[in-house]
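Enquirer: Sequence:
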Amino acid sequence: MNALQRIELEELQGMELTEETKERFKIVDLDQLNWAFRKIAALNEQKQERKALADAEIDRIMTWLQEEEKPIDNSISFFEGLIKLYHMQQLEKDPKAKTLKTPYGKSKSTTSKPAPEQSDKDKLLAYVKGAELTEFIKEEVKWGDLKKTLNIVEIDGQKVIVSADGQ
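Residues in the sequence shown are numbered consecutively from 16, following the numbering used here.
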């Protein structure tokens with residue numbers, strides 16, 4: 016904050032914006048308009064300084080929190096690994112033991128079948144077209160681009176959509 020802005024804020028100290036004082040202030044000429052803009056600029060600068068201070072403190076606290084959470088997260092990972100290992104042993108004994116429950120949590124075992132992955136879209140599209148599997152092809156209008164080329168005009172008292180080429 017520069018010295019001029021500090022002076023602007025000092026003028027505002029001790030003033031409360033009550034209903035009575037709000038009624039007293041009225042801008043009636045260019046000098047008063049300029050005065051109001053100076054006050055706003057000084058207040059915005061003060062607001063930015065406070066926000067910068069708060070952001071710095073938030074960053075410092077978040078860094079502290081991350082450091083404090085590291086050993087806790089490591090411990091959680093350790094115990095989750097133990098639980099997973101125990102659950103795998105139980106599944107070997109009884110394949111139906113998909114979920115193990117205790118009052119403090121549960122361990123679920125899920126299985127998923129292998130799924131194919133799409134590697135080359137162009138080759139896949141060529142294959143689907145060649146095999147006449149057209150029900151798997153999705154055709155879509157690029158509405159956002161088309162909308163930019165359309166105009167709405169009034170013809171015989173009705174609004175009509177007209178394309179760029181007049182259709």
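Keep in mind that the hints are not guaranteed to be accurate.
Stated by the list, open to error - Calculated cross-link-like contacts (lysine-lysine; reagent style DSS-like; alpha-carbon spacing at most 25 Å): (1) LYS136 to LYS157; (2) LYS153 to LYS163; (3) LYS153 to LYS138; (4) LYS144 to LYS157; (5) LYS113 to LYS123; (6) LYS128 to LYS111; (7) LYS85 to LYS99; (8) LYS128 to LYS108; (9) LYS153 to LYS174; (10) LYS138 to LYS121; (11) LYS144 to LYS162; (12) LYS121 to LYS85; (13) LYS113 to LYS136; (14) LYS85 to LYS66; (15) LYS123 to LYS136; (16) LYS41 to LYS54; (17) LYS153 to LYS136; (18) LYS99 to LYS128; (19) LYS174 to LYS163; (20) LYS99 to LYS113.
To be clear, the hints were calculated from the coordinates, so they are not data collected in a lab.
Nothing here was measured: the structure is a model prediction, and the numbers come from that model.
Enquirer: Going back to the hint list, which numbers does this structure go against?
Expert: Hints 9, 10, 11, 13, 14 and 15 are the ones this structure does not satisfy, whereas the remaining hints hold.
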